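Sequences and hints are given; from them, build the entire structure.
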Amino acid sequence: MSETIAKDQPLLCNPDVVLREEDEDGGLLFNPDNNAVKIVNSTGLFIWKQFQSINTPESAAVEVLKNFEDATQEVIQTDLEEFLQDMLLTGFISKVINE
Amino acid sequence: MIENENGVKLMSTPRSVDIAVTGKCNLSCAYCFYADEMTSRTDLTTRQWLDFFAVLGKAGVMNVTLTGGEAFSRSDFFDLVDGVIANRMRYNILSNGTLINERTMEEFEVGKRRLRLESLQISIDGSSAEVHDLSRPNSFGRAIRGLQLLKSAGFPVTVRVTINRFNYHDLENTARLLLEEVGLDGFSTNEAYPCGATNRYEEGIMLSVPMRRAVMEMLTRLNEKYQNRISATAGPLALAREECAIHEARAKGQMEFPGRGYLTACGGVFDKLAVLHDGTIVPCHVISGLRLGNILKDDFIEVWQTHPLMKAMRDRRNIPLTVIEPCKACDYKGFCTGGCPGGALFLTEDFNQRNPMDCYRILIGEEGYSPDTREKSDDR
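Which chain is which? The protein sequence lines are A and B, in order.
Mapping to this note's numbering: the first sequence position 44 is 46, numbers consecutive.
Mapping to this note's numbering: the second sequence position 315 is 554, numbers consecutive.
One or more of the hints may lead you astray.
If you anchor each label on the Cβ, the simulated ranges turn out as follows [as the list claims (entries may be wrong)]:
hint: 1; chain 1: B; residue 1: E419; chain 2: A; residue 2: L91; range: 52 to 62 angstroms
hint: 2; chain 1: B; residue 1: E345; chain 2: A; residue 2: K97; range: 28 to 38 angstroms
hint: 3; chain 1: B; residue 1: E463; chain 2: A; residue 2: I56; range: 54 to 64 angstroms
hint: 4; chain 1: A; residue 1: S61; chain 2: B; residue 2: E419; range: 57 to 67 angstroms
hint: 5; chain 1: A; residue 1: T74; chain 2: B; residue 2: T343; range: 57 to 67 angstroms
hint: 6; chain 1: B; residue 1: E348; chain 2: A; residue 2: I41; range: 28 to 38 angstroms
hint: 7; chain 1: A; residue 1: T92; chain 2: B; residue 2: E348; range: 19 to 29 angstroms
hint: 8; chain 1: A; residue 1: I41; chain 2: B; residue 2: G350; range: 24 to 34 angstroms
hint: 9; chain 1: A; residue 1: V77; chain 2: B; residue 2: R480; range: 46 to 56 angstroms
hint: 10; chain 1: A; residue 1: D27; chain 2: B; residue 2: E411; range: 32 to 42 angstroms
To give an idea of the interface, some chain B residues facing chain A are shown, with a C-beta separation under 7 angstroms as derived from the structure [what the hints assert, rightly or not]:
hint: 11; residue: M240
hint: 12; residue: L249
hint: 13; residue: M250
hint: 14; residue: K297
hint: 15; residue: G299
hint: 16; residue: M301
hint: 17; residue: R327
hint: 18; residue: R329
hint: 19; residue: L333
Because the hints were derived from the structure by calculation, they are not lab data.
All of these numbers come straight from a predicted model, not from anything done at the bench.
We put the beta carbon where it would ideally sit given N, CA and C, even for glycine.
Here's what the structure looks like:
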């Protein structure tokens, strides 16, 4: 079951996940620990790259909005939330727990 | 992705790489396709392999297959495995199984070695030492012991049976051993190929056409008994499935399968590359004569993307069988892919020819052929 992600929750890509940018329209994420593969479109790829270093959904949304000018803030928030939920659920992205 | 002048897209890096980490082997198998390379080349060092794995990791390669020689004969084998893991890849192992013991099993439990192991394939070529050891001398007991250790510990172990003149009569017993006694989910099959040690075997070890037909029938029958737990991507069982599909299609009046009628067999060159134990880059371990460079001095990814031989092998799928001399008049060419380019290279000295071992017309006796009679054609 998915849980709501706080806007200021620090998140980070799983460092074991491999990104293959196989197409200009997106790429392939591969988790060698469980052989899971995810095909991502160009937006998903852009979002993924926002979390290659520790970042929050709020900051990522700002960057997505800047780079995908045709989309509304509302659509971006919804898409980002869905994408991150899926990534967290499948272990491609993890929450960073502050000590 | 990169795109060639014909609009064909190619992944910018291979997804997987087959790597012979050593040319050393504790066995001397009668049909070993790698036998000539083993004696003529020397192994890379641990450091050289680890540096290469870093190149693969940076390129996003997802999977490597570690083979030899016998991969477990390297004393640093698990250091190499750790190098694969550190570079975010999964791995397969091809082995004769004879060096797998309790100590090996303990080694696999370290770190992510077991987690990242995709499969471990052991070669078993008969139901008894009397049969297996004819192909793989003095090794049956140790190979079965290794297999059973892996199976009982829940490893992703698979078995390959390479069918040849020594064991083709023993398939029923072999299936019983592997599927009933050892309890494997399944096993795969292929057949001895006309290269390496096979060529040195004076009495001949490859199947004749009548033997191949007998094996096709036997494997089909065994698969009915064992609910398709025997598999093949090449060799007699794959041919049997192909033959069945052709019969069904012709009974319905079809004269072709979609996408056939060209040299389209084997998509390996679109997905993977291979490296010999001295670092030589080749399209596939079976065709080790097509040398593309060496990882110690050449850019591996550049070889993948631009080497003329890789391009030629990828472009062979644009060659229609109507321009291949033995295929021009064939009634079945619309069903055909020309077969393995490696077999074509060995038997005709040109990978842009058909592979006679995969030829349906030869298989059903409409064209005479013996594996000892190599054909050459430069009429194309």
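Of the hints given before, which are not true for this structure? 1, 10, 12, 14 and 19
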